[in-house]
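The listed protein sequences correspond, in order, to chains H and Y. For the record, in the first sequence the residue sitting at position 210 is 210 according to our numbering, with numbers rising by one throughout. For the record, in the second sequence the residue sitting at position 100 is 100 according to our numbering, with numbers rising by one throughout.
Quick caveat, the hints were computed from the structure, so don't treat them as lab data. Take these hints with a grain of salt, some might be off.
Interface residues of chain H toward chain Y, partial, derived using beta-carbon atoms under 7 Å [stated by the list, open to error]:
no., residue
1, His64
2, Thr65
3, Glu70
4, Ala115
5, Gly118
6, Cys119
7, Trp124
8, Gly138
9, Tyr151
Values in this document were obtained by computation on a predicted structure and should not be read as measured data. Backbone N, C-alpha and C fix where the C-beta goes; we use that ideal spot for every residue, glycine too.
Okay, here's what each chain looks like letter by letter:
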Amino acid sequence: MTSLPTPAQGAKKLGLVIDLDTCVGCHACAVNCKEWNASGHSAPLTDSNAYQADPHGVWFNRVHTYEAGEGDCSRTVHFPRSCLHCEDAPCVTVCPTGASYKRAEDGIVLVNAEACIGCQLCAWACAYGAREFDVDDGVMKKCTLCIDRIYNENLEEADRVPACVSTCPASARHFGDFNDPASKVSQLVLERGGYDLLPELGYKPTNKYLPPRKPAVAKTATPAAETGGGSSLLRWLDRALSR
Amino acid sequence: MKPAGSIVFFTTASGAGYGMLFWLGVLGALGMLPETIGFGLIALGLATALFTAGLLSSTAHLGHPERAWRALSQWRSSWLSREGVAALLTYVPVLVFGLLWLLGSRPVALLGLLGAVGAAITVYCTAMIYASLKPIRQWNHGLVPAFYLIAAGFSGALCLAAVTAFFDVTAAGRLAVLALALGAGGIAVKLAYWQAIDGSVSASTPESATGLGSIGKVRSFEAPHTEENYLLKEMGFRIARKHAAKLRVYAALLGFGVPLAMLVGVAAGAVPVAVLILAAACGLLGMLLERWLFFAEATHTVVLFYGRQA
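Please build the complete structure, drawing on both the sequences and the hints.
Below is the structure:
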């Protein structure tokens, strides 16, 4: 059923918090995501011409890098982009077959590859580019929040997190239940002002992004010698060099 | 958005077919069309062939066409599913209508009207597939369903007029007047639509997409991949502004200008009704171009993440 489910009492709302302050843009999350999912729930993730000109493949996680602002106040921000498991997910409601669905128990948005007709309407409906069509399989693929890891009892409990989270060397990605106000993800959003992407569309994404922290020191400091500050040695050098 | 040939053909052909069916049902009920078996066979046959070819063409866009039947299940939430259901249900009155007509009885008005209602609903559902998508501002617009409906009515009336010209010149003349009115309405809606999408900007920006607007203007510094991926191929399709402007003129001329001039000639009795065939062919060609542009000019919010304007 592609109508959105009414969350059950006590249902979880699983998702990610992505910290843009600590992300170093190493793409490890994207690579580990590809590695895990190429043999997981949505396997295989097609790669065409992988070692030739014009390589093309399905990835669930893409890391952009942006520059924001001008001059000394500008920032370079690394920005991982993946499915946000929206509360109001049009990629689910537009699906004509029921293949695209949102789980009532934890809010994860999945594709049933057996029922997908490959019409790609869900990819058009997603504002965030979270869905990529697998031309080999003829079905749509997307982030599963590593459903085959987070509930996998064959893994150590510490490893029951999405592949992107487990691999991040900067701990910029956090996984948890947003319906639990005491969870790490809820706390991070509260403390750091976690926000929604494209809030104006009203998709109510579950995943939140934490903004880069403001720089502690003003970056527009001028050389000490020009302001008359600094140590007496510097002031003497300034006088000596100015002669 | 990438203009997939199968979908451009689908919306144009099914629009014309359902438009024909609509006027066959409505004008037939009013007794304004020939009632001979030959006319029924050709007119209803052509209408059915057009929308059937369109529907079949749409399955060419699917990764798994053999599973297309599954698309009938989610009509509660999905416009694509509703379209499928409406299209299939419309076949019921159409086939009975046609069968009874061919078996020698006069066309049954009620069946024709049911077919007309089904045709209108199906075209509306097709339009809403696009109009309901919030990330694409050029589609998420009230004039989109308005144009789909009037374009279907216009191209259907053009085709029906061309067929009728072989059977009943007076009836064909009346259809030419109807098509003239619909064509005038159609180009007015299209011009208003073009003005609306040119005059508005997306509420979404690279700043709202990344949430980094508080730092300042956001520029893409490095893309996640060096080659075009599915997203950019499918939703990052770009058409140069200068070409779009030219193609709009061609679409307006072929789709509306030339056929309307021919219709005026027919209505005034200045040119033979056979010209209606040319008018229909020209109109359909223009409509194909218009539909191609409808896709090519549409932008998707995903390109904001790649530092482009949506």
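Verification of the supplied hints:
1. With its C-beta approaching chain Y no nearer than about 5 Å, histidine 64 of chain H sits inside the 7 Å limit, and its interface hint holds.
2. Proximity of threonine 65 of chain H to chain Y holds as hinted, the smallest CB-CB distance being about 4 Å (cut-off 7 Å).
3. Checking glutamate 70 of chain H against chain Y by beta carbon gives a least distance of about 6 Å; that is within 7 Å, so the hint holds.
4. For the restraint placing alanine 115 of chain H at the interface with chain Y, the shortest Cβ-Cβ distance is roughly 6 Å, inside the 7 Å limit, so the hint holds.
5. Evaluation of the glycine 118 of chain H hint against chain Y yields a held restraint, the C-beta minimum of about 2 Å falling below 7 Å.
6. Of the supplied interface hints, the one on cysteine 119 of chain H holds, with its beta-carbon coming within about 6 Å of a beta-carbon of chain Y, less than 7 Å.
7. At about 6 Å, the closest approach between the beta carbon of tryptophan 124 of chain H and any beta carbon in chain Y falls short of 7 Å, and the interface hint on this residue holds.
8. Taken as an interface hint, glycine 138 of chain H checks out: its beta carbon lies about 3 Å from the nearest beta carbon of chain Y, inside 7 Å.
9. Taking 7 Å as the C-beta contact cut-off toward chain Y, the hint placing tyrosine 151 of chain H at the interface is violated, the least distance being around 27 Å.
Comparing the model with each numbered hint stated earlier shows that hint 9 is the single one that does not hold.
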